[in-house]
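Student: In case you want the letters, here they are:
2 protein chains.
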Amino acid sequence: MSKWALTYDSWKPEQQSLREALCVLGNGYFATRGAAEESSADEINYPGTYLAGGYNRLKTKISDRFIENEDLVNWPNWLCLSFRPEGGSWFSLSDVEILDYNQVLDVKKGILMRRMRFKDKKGRITLLECRRFVSASRRHLAGIRWELTPENWSGKIEIRSALDGTVSNQGVKRYRQLESQHLELLSVGSVTDDSIYLSVKTNQSHITMAQAARTKVYSGKKELKVQQRISRRAGMVTHTIKCKASKKKALRVEKMVVVFTTKDNAITEPELEAKNAIQNCVTFKEALKDHVRKWDHYWRYCDIGISGHPFAQFVLRLHIFHLVQTTSLKTIDMDAGVPARGLHGEAYRGHIFWDELFIFPFLNLRMPEVTRALLMYRYRRLPEARQAAEREGYHGAMFPWQSSSNGREETQVVHLNPKSNRWVSDNTHNQRHVNAAIAFNIWQYYQATKDIQFLSFYGAEMFLEIARFVASMTKYNPKRKRYEIHGVVGPDEFHTEYPDSKKLGLSNNAYTNVMFAWILWRAFDIMKAVGNARRDEILDNLQITKKELKLWDHISRRMFIPIQKDGIISQFEGFEKLKEFDWERYRRKYGDIQRLDRILEAEGDSPNRYKVSKQADLLMLFYLFSSEKLEEIFKRLGYKFDHESIPKNIEYYINRSSHGSTLSRIVVSWVLSRSDRKRSWELFQTALASDVADIQGGTTSEGIHLGAMSGTVDLVQRCYAGLEMRDGVLWFDPCLPDELKNLTFRLRYSGHWLKVRIEHSKLKISFNRSWSKPTKVGVKNKIYTMDEGMSREFKL
Amino acid sequence: MSKWALTYDSWKPEQQSLREALCVLGNGYFATRGAAEESSADEINYPGTYLAGGYNRLKTKISDRFIENEDLVNWPNWLCLSFRPEGGSWFSLSDVEILDYNQVLDVKKGILMRRMRFKDKKGRITLLECRRFVSASRRHLAGIRWELTPENWSGKIEIRSALDGTVSNQGVKRYRQLESQHLELLSVGSVTDDSIYLSVKTNQSHITMAQAARTKVYSGKKELKVQQRISRRAGMVTHTIKCKASKKKALRVEKMVVVFTTKDNAITEPELEAKNAIQNCVTFKEALKDHVRKWDHYWRYCDIGISGHPFAQFVLRLHIFHLVQTTSLKTIDMDAGVPARGLHGEAYRGHIFWDELFIFPFLNLRMPEVTRALLMYRYRRLPEARQAAEREGYHGAMFPWQSSSNGREETQVVHLNPKSNRWVSDNTHNQRHVNAAIAFNIWQYYQATKDIQFLSFYGAEMFLEIARFVASMTKYNPKRKRYEIHGVVGPDEFHTEYPDSKKLGLSNNAYTNVMFAWILWRAFDIMKAVGNARRDEILDNLQITKKELKLWDHISRRMFIPIQKDGIISQFEGFEKLKEFDWERYRRKYGDIQRLDRILEAEGDSPNRYKVSKQADLLMLFYLFSSEKLEEIFKRLGYKFDHESIPKNIEYYINRSSHGSTLSRIVVSWVLSRSDRKRSWELFQTALASDVADIQGGTTSEGIHLGAMSGTVDLVQRCYAGLEMRDGVLWFDPCLPDELKNLTFRLRYSGHWLKVRIEHSKLKISFNRSWSKPTKVGVKNKIYTMDEGMSREFKL
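Here the protein sequences come in this chain order: A and B.
Using our numbering, the first residue of the first sequence is number 1, and each one after it goes up by one.
Using our numbering, the first residue of the second sequence is number 1, and each one after it goes up by one.
The hints are simulated quantities; they were obtained by calculation from the structure and are not laboratory data.
By construction, the Cβ of each residue, glycine as well, lies at the ideal position given by its N, Cα and C atoms.
Don't take every hint at face value.
Stated by the list, open to error - Computed beta-carbon distance windows for the label pairs:
hint, chain 1, residue 1, chain 2, residue 2, range
1, B, E392, A, D95, 50 to 58 Å
2, A, E86, B, W423, 50 to 58 Å
3, B, Y639, A, N532, 49 to 57 Å
4, A, R233, B, S187, 27 to 35 Å
5, A, D553, B, K629, 47 to 55 Å
6, A, T785, B, D787, 16 to 24 Å
7, A, N532, B, R757, 15 to 23 Å
8, A, K481, B, V729, 57 to 65 Å
9, A, E793, B, Y301, 46 to 54 Å
10, B, S219, A, Y639, 51 to 59 Å
11, B, V729, A, H554, 45 to 53 Å
12, B, D727, A, P647, 57 to 65 Å
Isolated chain A (complex conformation):
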């Protein structure tokens, strides 16, 4: 396996959607990103209405599936490019004999290449080499280039290039019975003889998207004089070119496309901009040149090199590639969040969950500007979060579990169990811990960057409003003399209520309670960091009283955590009383039991009755905090924290998890990395395969699992390097798996640019360049002050 390219050398139609999901080149992803997040109408989400909104796929679904299928309808838009011998039928993979098929996603350059040789029914053999990219450097641009070589024939051919506005959402099977038509045609037509445009509007959010495409044909350097015709039919515009193909001479077809939407800055209106832009558009070659250069720059600071395991090396890069292309520096000037499934599919309808928690650790130390922009996405939705809290009778700001365009809660209230074909009520919106993720992210971003401006202007306000919400959720239990939190759901979505209970939610989810206590404690550090004057201003703005602050302090010391006598922390209060689950029986019966919830529901049972979890819940604590940090937190809460209990808890929960979420294996691999290296490595291997092998059996084509992809990268970076930002010191405590020889990466930390190299016996840290004053690095309990130009090597 190449270290930089994902290659498929055979043509297996059944792998098409997986290949596509991994090969989507959304790195430029245009400006349609904003549109990606809107989803439903404002009605509560009932089937049949909940996709009435404008979720759309103009954004990235850049499949050129037309080569499989003549039917362009239902397929988007700018990729449409096909050919036929004049008078024959349009090219279709199913009508020809594939002689060779080779597909390469080059993650170094951000290009998707396909090379096909095929023979049609009349014996004509043709070689078709395709390349395409969405520009990483030019916000609105994408391009496709074909080199079409008739190997044993000559003759007239027709080339057809289209923009198609009739796309609908058909990418997720179980959503198909819902409303899937979200675009309304505004206008289509020609811009010049060789270019066409199409302008559509989303039907709920009224976002206009305009595209324009220019298609030219060359032979060598010479542009061919061709016969052209532009035609419209329902919802699409097609540019047909007639020219002559000669045996063994390559025809080059170049289709350049621009996209503009209402959400773009610095425009007058999308259609006008698209038309202007296509007339001034550069050639494929020029556009590709700076696209590749941009990717080269990305790799300079985003690459993580590991030696000793080519598969892991490549998949890491594939994950970094997807992470960068989904977020990217272009996010900075957009109102965009982190969609759970990347820009690659329709699952979750583009909603924003908590995946940031797994993605920011990578971005914080490389492209903190992007983290900042993504945190601003949350900040802009603070007013809606405030209203949400108020509606539920709380104070402060309550961010939703599934957030969409204007920040309202978009978690479905029912969902379809494909196993039983029943619509089941869904209470997962009670995952209030998403607020902890946001608060934690603010703090981590600040730790990595010391960006006091952000903290002072936006971060503190968000953090304190979350703290206020957290405090208002707690209830004091005078018997225990502790604060409790009721009616929530933890990260484990298998448990949403107690068996036979009529109340929704659970009590004292340990993860939620610890995180919330941490927030109320950390709130004081935030106020200290911004300084008295600004603190007073913010408290005044938010009308936070001294009494409230006193309460926060008290809760942060007296939150209840359900710890059992044997040191096992209950995932939530009463988890220990649930039935043990017969894992063996179910594994035998069903094979894959990752989605145990669906299996049990189909049987008329419910995971709520058992000690089972879909994914790491309590274990998240060991993922987010070092044992030193956890000890501090528990000590403040007045609980004894026994380091010995960590492996016991890990063991307890691992044995009770179905790993029904791709995130789960990352977390478990992480927590085992020092105690059970073998098992940790195995889990890491499986986590790496999540998408590249589609281990959930079909979910990758519904969209990549961005959190899990990022988690594997973070595992290498933070866990294997033992990297932790603690009390203003950047700590390293490497723990390289035996399977790897070494690990190298670059970091940007608090205005410094570092290079890190880890081997089994040594660690080398070089400070290449600094924008700010010297900083502290900690290795093996010792702290070193490092500055520009300094380099240190440590024996391990």
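Following the hints, put chain B in place on chain A, whose structure we already have.
Tutor: Okay, now just chain B, sitting in the frame of chain A:
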């Protein structure tokens, strides 16, 4: 005169538009700001088409002129509020006898108050007290409150509250023959019994703006049960309320309004958001509370206190108020520039000129986040600036003189001379010096903030692209062995070409040449500041070669400056050969000769023939640079710089200026501040009066002169304090006018928060709080290192 309020105690209808211009409360200015900048169609600006675009006034024209005139048509929108005794005619100021009239703009709180007592034809005396504001703290909100007290009558009354979408652009007389209708109605109607909405679209840029208004009537704390009716007629929606008014009992009418547009972030679509928001809207009292609190915070760091001259004190605050409300922290999350006429009128159609040059020095040292946002406005238009350069055969990026929505050049190519009623061709777009303003602003922002992140990501790219453009404009003259620049116009718009020449533009405008040489020199400092790695990346991105850099260096040392033998620097090459102008004769003949261009054109003559200037051109150099800095620049250029020549040049140009621009007096007052204190103070006084007394005779109602307003503030701050950022040191060299006792203000410099107090005999500098490492302050050639908590007093 109050130090915080602008008061008119008499009702003079002819002053109405001036009163309005100064009282516009655009501080929140909603989100319609984005729309303020678009103006014309993309066709070249010919009369009749050039307002075909969507410039609109929903943004701020918040006049309640309805009290003058029953005709609501042609008046915007959310202010519409009127009353009548049931069955009578709607209130009109022209139908009643005004007993008292008092209007107060409270700049401390950002509230406009009006108190009117009047008697109608039936002898009914009514007291009407109005307050209104656009929220400084809530992005989308505004409110009006009426207290209506019948003094000698009781009876049924009707209250009418409307949203009016039929507004058109009628605010500038000479534009009225152009297309003035820019809004297209989408929908209107009721949201609930007491609230209405209106949704419109601009007809060129297709921006949707939706408003919703809720009107309630109270007596004391009690909301009245009223009869309500909602009706539509062409382009507007009206909410009519019937209730009873009782003698000596105040009726309170509260109209709360929300506005959303397509350009807003974090929304689904404007109409939906407006409808939701109005249903969750707070009361007037609540909204006012945090609005006033926000203004209080603004004043904490934006106020400049002077003692000894109440008029100057108030006008300074009025100017700061307008500056803050036009830019404001809300700009940070918007794609907004600095409109030359504030948000107050239609002159210049919202285009963006170079006013930033006069505005940023104030913002840089108080709200640098706002400067950064406004610089980003330019950055986003870099692609268009690149294309503009290319179209003219240059390299790099050429920003336009008048920039609009998508950054294209929008300078009119003809303009109407009201004196001759002729359309005259306009070549002022050749003011390439706007690029110098942008480059200078980038550098100044960096000096004030040390924001290396901005510089590294955006600033450097813009700066280097401008440098590249500058270099490509120069032509080497082998005879002189110097580089020249031809075909430009300087800040003085009276000169656009040589007399009897057929070529447009002038050669070697001294201001332009010096600034361009400065840019090419400073480019190397910028590259140094971002560091080698990032520098290489940027040079690679922009494909700037070593050869180019060598050329830049050479030009920066060998630019030609037209210096005469007597040390007078010609405004442009050949200025010295033009005829002297008979100022006396023209002053006698015309009185006000500020707009000499129009006078001469009407006479069939042209200012191009004379040694006259509309505004400071060469003198700009003395405004932007200290004499030390200028000496450095000239020395590098290989010219002898004689400090003695400064007053000579000043004298020479002052005597040849008509001050036809409001900016001119600021600059001249500045350059005279040390050499001719009396004249400087007089000019400062006149500059202060620019808008508050409308010294240009009617231009204030077409929009305030934001650059000039800001210039007066900057004059006090930078000139009187002798404040300069030079080589990483913050220098003070106070020179307080005799007319002032002292001067106090706060600054934020490079992560430090300072308080400065200047008296005639001493200067006190206190460092209150610091976010970054100690910094250097210079007083009287000595440099002091200052840090948090330190305070120093200097004898002067």
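Student: So, for every hint listed, does it hold in this structure?
Tutor: Hint check results:
1. Checked against the hint of 50 to 58 Å, the C-beta distance between E392 of chain B and D95 of chain A comes to roughly 52 Å, which is consistent with it.
2. The supplied range of 50 to 58 Å is met by E86 of chain A and W423 of chain B, whose beta-carbon atoms lie about 56 Å from each other.
3. Against the hinted window of 49 to 57 Å, the Cβ-Cβ separation of Y639 of chain B and N532 of chain A comes to about 52 Å, which satisfies the hint.
4. At about 31 Å, the beta-carbon gap between R233 of chain A and S187 of chain B stays in the expected band of 27 to 35 Å.
5. At roughly 53 Å, the beta-carbon separation of D553 of chain A and K629 of chain B lies within the given 47 to 55 Å, and the hint holds.
6. Evaluation of the 16 to 24 Å hint for T785 of chain A and D787 of chain B yields a pass: the beta carbon distance comes to about 19 Å.
7. Evaluation of the 15 to 23 Å hint for N532 of chain A and R757 of chain B yields a pass: the beta carbon distance comes to about 21 Å.
8. Remark: the range hint 57 to 65 Å for K481 of chain A to V729 of chain B is upheld by a beta-carbon distance near 59 Å.
9. Restraint check, E793 of chain A to Y301 of chain B: a C-beta distance of roughly 48 Å satisfies the suggested window 46 to 54 Å.
10. One distance hint, 51 to 59 Å for the beta-carbon pair S219 of chain B and Y639 of chain A, holds here, with the actual separation near 58 Å.
11. For V729 of chain B paired with H554 of chain A, a C-beta distance near 49 Å keeps the hint of 45 to 53 Å intact.
12. Separation of D727 of chain B from P647 of chain A is about 59 Å and conforms to the stated range, judged on CB atoms against 57 to 65 Å.
This entry satisfies every hint, going by the numbered hints stated previously.
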